[in-house]
Each structure stands twice: as C-alpha cells, then as structure tokens.
Amino acid sequence: MSLPIEEYALISDCFTGALVGKDGSIDWLCLPRYDSSSMFGALLGTEDHGRWLVAPFDASAKSTRHYEGDTMTLVTRWRTGDGEVEVTDTMPMGDHRADVIRRVRGVSGTVRMQQELRIRFGYASATPWVRKDTAEHPSALVAVAGPDAIVVRGPVLHATDHAHHGEFTVKAGEIVDLTLTWFPSHRATPEALDVEHALEQTRTWWTRWAEGCDHDGPYRDEVVRSLLLLRALTHLETGGIVAAATTSLPEAFGGERNWDYRYVWLRDASLTIGVLLAHGYDDYVDHWRDWLLRAIAGDPADLQIMYGLSGERDLAERELTSLPGYQGAHPVRIGNGASTQFQADVIGEVMIGLDRGRRLGNGETRFSWALQRALMGYLEEHWREPDHGIWEIRGEPQTFTHSRALVWAAFDCAVRAVERDGLEGPVVRWRTLRDEVRADIEANGFDRVRGTYVQHYGTREVDASLLQLAQVGYVDWEDPRMLGTVRAIEQDLLRHDLVLRYRTEQGVDGLPPGEHPFLACSFWLVEQYAHSHRLDDARRLMDRLVSLANDVGMLSEEYDVEGRSQAGNTPQALTHLTLVRAADAIAAASR
Numbered sequence: 000m001s002l003p004i005e006e007y008a009l010i011s012d013c014f015t016g017a018l019v020g021k022d023g024s025i026d027w028l029c030l031p032r033y034d035s036s037s038m039f040g041a042l043l044g045t046e047d048h049g050r051w052l053v054a055p056f057d058a059s060a061k062s063t064r065h066y067e068g069d070t071m072t073l074v075t076r077w078r079t080g081d082g083e084v085e086v087t088d089t090m091p092m093g094d095h096r097a098d099v100i101r102r103v104r105g106v107s108g109t110v111r112m113q114q115e116l117r118i119r120f121g122y123a124s125a126t127p128w129v130r131k132d133t134a135e136h137p138s139a140l141v142a143v144a145g146p147d148a149i150v151v152r153g154p155v156l157h158a159t160d161h162a163h164h165g166e167f168t169v170k171a172g173e174i175v176d177l178t179l180t181w182f183p184s185h186r187a188t189p190e191a192l193d194v195e196h197a198l199e200q201t202r203t204w205w206t207r208w209a210e211g212c213d214h215d216g217p218y219r220d221e222v223v224r225s226l227l228l229l230r231a232l233t234h235l236e237t238g239g240i241v242a243a244a245t246t247s248l249p250e251a252f253g254g255e256r257n258w259d260y261r262y263v264w265l266r267d268a269s270l271t272i273g274v275l276l277a278h279g280y281d282d283y284v285d286h287w288r289d290w291l292l293r294a295i296a297g298d299p300a301d302l303q304i305m306y307g308l309s310g311e312r313d314l315a316e317r318e319l320t321s322l323p324g325y326q327g328a329h330p331v332r333i334g335n336g337a338s339t340q341f342q343a344d345v346i347g348e349v350m351i352g353l354d355r356g357r358r359l360g361n362g363e364t365r366f367s368w369a370l371q372r373a374l375m376g377y378l379e380e381h382w383r384e385p386d387h388g389i390w391e392i393r394g395e396p397q398t399f400t401h402s403r404a405l406v407w408a409a410f411d412c413a414v415r416a417v418e419r420d421g422l423e424g425p426v427v428r429w430r431t432l433r434d435e436v437r438a439d440i441e442a443n444g445f446d447r448v449r450g451t452y453v454q455h456y457g458t459r460e461v462d463a464s465l466l467q468l469a470q471v472g473y474v475d476w477e478d479p480r481m482l483g484t485v486r487a488i489e490q491d492l493l494r495h496d497l498v499l500r501y502r503t504e505q506g507v508d509g510l511p512p513g514e515h516p517f518l519a520c521s522f523w524l525v526e527q528y529a530h531s532h533r534l535d536d537a538r539r540l541m542d543r544l545v546s547l548a549n550d551v552g553m554l555s556e557e558y559d560v561e562g563r564s565q566a567g568n569t570p571q572a573l574t575h576l577t578l579v580r581a582a583d584a585i586a587a588a589s590r
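Going left to right, the sequence shown walks through residues 0 to 590 as numbering that gives the first Met the number 0 numbers them.
Since the hints were made in silico from the structure, they are not lab data.
Ideal placement from N, C-alpha and C gives every residue a C-beta, glycine not left out.
You may find that some hints are simply not true.
As the list claims (entries may be wrong) - Taking lysine-lysine pairs in the DSSO-like style, the calculated list, with each CA pair at most 30 Å apart, reads: (1) 21 to 61; (2) 170 to 21; (3) 131 to 170; (4) 170 to 61.
Unchecked claim - Distance ranges between label pairs, derived from CB positions: (5) 196 to 489: 49 to 57 Å; (6) 504 to 536: 22 to 30 Å; (7) 504 to 3: 26 to 34 Å.
Use the sequences and the hints to build the structure in full.
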C-alpha cells in the first residue's frame with residue numbers, strides 16, 4: 000500500500016518528476032513529461048502497479064532525509080545495526096534526457112541493500128518485455144512496451160514473477176550507482192550516463208537558480224523551497240507550469256474529489272509567474288507569455304482554462320481501471336473535464352500576470368498585446384454569463400462574486416496598459432465596463448445585512464476566494480466591506496484554525512459534501528491579516544501552516560486535521576505560491 004502523502008518527496012528535471020517515499024521506493028514516475036502515462040504507479044495502487052525500491056535489506060533500518068542544499072536532489076541516510084549508507088536520488092539537469100540517478104554511498108560499516116524493480120507502463124496497463132543488454136553493460140536491463148522503453152544500469156537483477164530483484168553490499172567509502180533512462184522504443188539504447196558529471200552539473204544548476212532568489216524577510220527557507228518546487232513544476236522548454244505532479248490523490252476519502260492536476264491552469268500559472276517576478280526571476284514572464292500565445296492562439300472564443308504542457312487542448316477526462324487508487328480511493332482520473340468550462344476569472348488572472356511583467360520592464364510584443372485585446376473583446380461579450388468559478392464546480396453555473404471581481408481586474412489592467420504603459424486600446428469603453436462590473440458586484444454580490452461579500456449572487460454563503468478581492472485591488476485591505484468579509488469567513492469557514500474553500504454541504508459544486516481545509520485559502524488569510532494590521536494573527540497562522548509541511552518542505556492541496564495528514568495532489572503549485580505571497584506580506588508588514 001502507498002505511504003501517507005507527506006512521506007513522499009519530489010525529484011525533478013523540469014520536464015517531469017518522481018515521488019520518492021521514505022521507504023526508499025519511487026512510487027510515481029511519468030516519463031518523459033508530467034502528463035505522460037505512469038511507469039511507476041504504486042502511489043495509486045500497490046507495488047505491483049510499478050515501483051523502484053532501493054533500501055537496506057534490514058526492515059528495521061531507520062532513515063532521515065533532506066534536499067542537498069537549495070537543489071531538487073534528495074539525500075536519504077539509512078542507519079542499520081551494521082552501518083550507515085546514503086542514497087542520493089536525482090533527475091539530472093542540462094542533458095535533455097529522461098534519467099533517474101540513485102547513488103548509494105557507504106558511510107560506515109557494511110550495509111546489505113536490496114533492489115526491487117517493477118516496471119508497469121501505461122498506468123500499469125502494460126507489463127514490458129525485458130531483456131538483458133550485456134553487450135552494452137554487464138547487468139543492463141532494457142524494458143519495452145509499445146512506444147516506451149527504459150534502460151536500467153546497476154547491480155545485477157534477477158527476474159521473478161514479473162519483477163526484478165537484487166541484493167548488494169556497500170562498505171564505508173564505496174559507491175554503487177544505479178541509473179534509469181527512458182527513450183522512445185524505436186530508437187537505439189542511450190549511452191550510459193557519466194554519473195559524477197551529471198550530479199555536479201545538477202547541483203550547480205539548481206544552486207545557481209536558487210541564488211537568484213530575492214527575499215529579505217522571515218520564512219526564507221520555506222520561500223526558497225517553495226520557489227524551487229514551483230521551478231520544478233515548470234517545463235524547461237515549453238514554459239508550461241503544471242498545477243501539481245500527481246493525479247487522483249483524494250481530497251477526501253470515500254468521495255469523488257480525485258482529479259488530475261498534471262496540466263497547465265492559466266490561473267495557477269499566472270499566479271506562479273507573479274511570485275517568480277516578485278523574487279527576481281524576471282525572464283520567466285516572457286517564457287510563459289510565449290507559451291500562452293502558442294496555447295491560446297486563434298479565436299478567444301476557443302479559450303480553455305487549462306492546457307497540456309505544450310499547449311495541447313484535448314484533455315478529455317476518463318477513469319482508469321488499471322489503477323485501484325491511492326489507498327483504494329476511487330476513481331483514478333486522467334484528463335480533466337474542467338478544461339472546457341467557462342471560468343470568468345481566468346482572463347483576469349492572465350491580465351494581472353502580464354500587467355506585473357510590464358511594471359517590471361517586460362515589454363509587450365505586437366502579438367502579445369493583440370492577444371490581450373482579443374481576450375478583452377471576448378470578455379466584453381461574455382462577462383455577464385454565469386460560470387463555474389475558481390473552484391470548477393460540477394454543478395449548475397452561478398454568478399460568482401470572485402469571478403466578477405476578476406472581470407473587474409481584467410478591465411482595470413487593460414485601462415492601465417493604455418494610461419500607464421502607452422499601449423493602444425479602447426480605453427473609454429474599458430473604463431465604462433470596469434465601472435459597470437463594479438456596480439453589478441456592489442448591487443448583487445454584497446450582503447448589506449451581514450456586511451460581507453457573498454459566494455455568488457442570490458446566496459448568503461461566503462467563500463474563501465473572496466479573500467482575493469483585496470489582492471487584485473478591487474477593495475482596500477482595510478475597507479469595511481473587506482473586513483466584514485473576513486469576519487464572515489472566520490465565522491463560517493474556519494476549521495481548527497484552517498480555512499475551508501466553502502461549505503460543501505450547500506451542494507453548489509454538484510458533488511457529495513466533504514473535504515478538508517484548503518491550504519492556499521489559509522495562506523490567503525495570512526496575507527489578509529498581514530495587510531490589515533493583524534500581524535500577530537498572521538504570524539500565528541503562518542507558523543501553523545508551515546509546520547504542516549513534510550520533512551522536506553512539501554505541501555499538498557489540503558490538510559486532514561483529524562488524521563494529521565496531507566490530502567490532495569502534491570506538491571501543489573497553488574499552495575506553495577500562496578505560501579510565498581503570505582511570507583512576503585508578513586515581511587512587508589514587519590518593516
């Protein structure tokens with residue numbers, strides 16, 4: 000059975016990533032991209048759904064682990080009664096191959112190690128044909144299934160019952176290297192890695208990237224680790240930013256809230272660009288903008304709220320039968336049906352991200368501004384329509400107040416582009432529409448009796464997404480309407496001092512009720528506290544939230560307070576980018 004979510008750590012080459020468990024098993028790996036099919040799928044099943052275990056033979060061995068400095072290289076130290084070893088797990092940077100390195104180094108004594116390799120391509124639907132390639136390497140294994148192939152090099156493995164097992168011993172000072180390389184099955188087997196060079200090159204790449212981080216304030220370690228994780232989720236070539244590395248990790252056991260997050264949400268990617276820009280990574284806005292131009296292309300009426308890593312549009316959702324689910328949680332989904340929803344807030348998030356880039360000196364191209372004008376034209380025609388909202392409800396569309404506020408923000412950014420940045424556009428019409436949207440929100444999205452903005456028109460329920468209204472400049476942080484909204488959220492949505500997205504019992508999302516506090520919403524509340532002279536409350540909640548990260552600083556989507564465990568897909572970009580924003584807000588308020 001798979002481990003608790005918090006017992007996994009991500010390694011990545013900025014094309015894809017693997018989840019390594021505390022037990023030494025890689026239980027999730029999709030090659031060559033995050034949204035490729037899995038070859039190790041034990042995370043969503045059992046070891047027979049694919050894994051690669053490298054660990055001491057002694058079942059009582061104890062381990063500790065950490066990332067090597069400011070990198071995505073994981074180091075696990077194992078202690079047994081006979082000695083100690085370190086296992087270094089990484090995916091090399093800079094070689095544009097799909098490799099995994101597992102280096103075992105003897106620290107003291109002599110440690111007997113075991114290796115178990117279960118290869119299951121196609122989301123565990125295909126057991127490969129495996130052959131030895133002794134001409135190339137004394138113990139190389141080549142596994143092939145359809146379009147996919149891997150070569151594994153290292154100590155000798157023996158086939159037993161559709162798996163490969165092996166043992167080896169490591170003495171103090173000895174090094175044993177194990178490598179895995181994916182390649183298209185119609186091509187020749189790739190040459191062996193220079194492991195020493197690859198490790199050094201990878202260490203240098205990540206360290207130099209982290210050195211560019213501009214953060215002067217508390218929670219620096221958490222900020223840097225979050226930025227590293229965001230970089231790891233960003234495709235090195237296309238610039239697409241996936242929402243998480245996994246699919247179908249349940250938001251709540253026994254329910255249907257198991258979704259595929261291995262795609263590029265325009266909203267989450269725009270917010271990620273915002274925090275990267277705020278921390279000195281100015282070049283990423285151009286890279287992401289180019290991805291955006293390619294992905295959206297054509298007619299804005301064809302706009303999707305998410306795409307594949309290269310801008311693919313067909314993300315049809317289906318349920319798999321080949322994987323039983325994380326600890327039995329059904330269903331396992333690939334693709335995402337929300338990709339074709341109308342979510343009115345998305346254009347606002349895109350416009351805000353590009354506006355931030357302009358403020359920092361990233362100029363527009365002729366094509367990028369033309370795209371934004373086209374998006375505004377589409378919004379002019381459709382902003383009055385109900386939508387599925389930021390939470391991608393599967394029920395009937397509603398007129399969400401948050402969506403309307405982001406529509407207001409989109410027109411506000413367009414007006415600034417003309418007035419401040421000198422770009423051409425129908426600024427008078429945009430100003431008029433901006434004012435019209437505000438009047439609509441104030442007339443229909445604000446409960447004057449309770450003194451709070453509401454989740455959607457026609458309800459008295461609140462929603463944690465309303466915490467973004469001040470973030471996007473729709474209201475001031477200390478506006479009485481905003482403070483009233485905060486009070487209502489504290490009254491209705493706080494559970495064990497953490498924030499729910501909304502009350503699922505009301506049925507607005509079309510799904511059975513039940514989920515855990517949403518970590519990004521809790522970080523939004525930290526940000527609001529910091530900007531409204533509640534610094535002690537901000538620090539108290541921030542300390543609580545960062546304590547929920549696992550031993551290597553990773554956070555998923557939600558937190559199960561009763562079970563004291565993380566829930567939902569991991570690592571979650573939205574969680575980590577809101578952590579960074581919250582830390583920035585505390586730093587600003589502390590000056």
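A quick look at each hint next to the structure:
Note on residue 21 and residue 61: the hinted pairing holds, with a Cα-Cα distance of about 10 Å set against a maximum of 30 Å. Between the alpha carbons of residue 170 and residue 21 the distance comes to roughly 22 Å, so the proposed pair stays at or under 30 Å and holds. For a cut-off of 30 Å, the pair hint linking residue 131 to residue 170 stands: about 27 Å separates their Cα positions. For the suggested pair residue 170 and residue 61, the alpha carbons sit about 18 Å apart, so the restraint of at most 30 Å is met.
The given range of 49 to 57 Å is respected by residue 196 and residue 489, whose C-beta atoms sit roughly 54 Å from each other. Restraint check, residue 504 to residue 536: a C-beta distance of roughly 27 Å satisfies the suggested window 22 to 30 Å. A C-beta distance of roughly 27 Å is found between residue 504 and residue 3, which places it inside the suggested range of 26 to 34 Å.
The earlier numbered hints are all upheld by this structure, with none contradicted.
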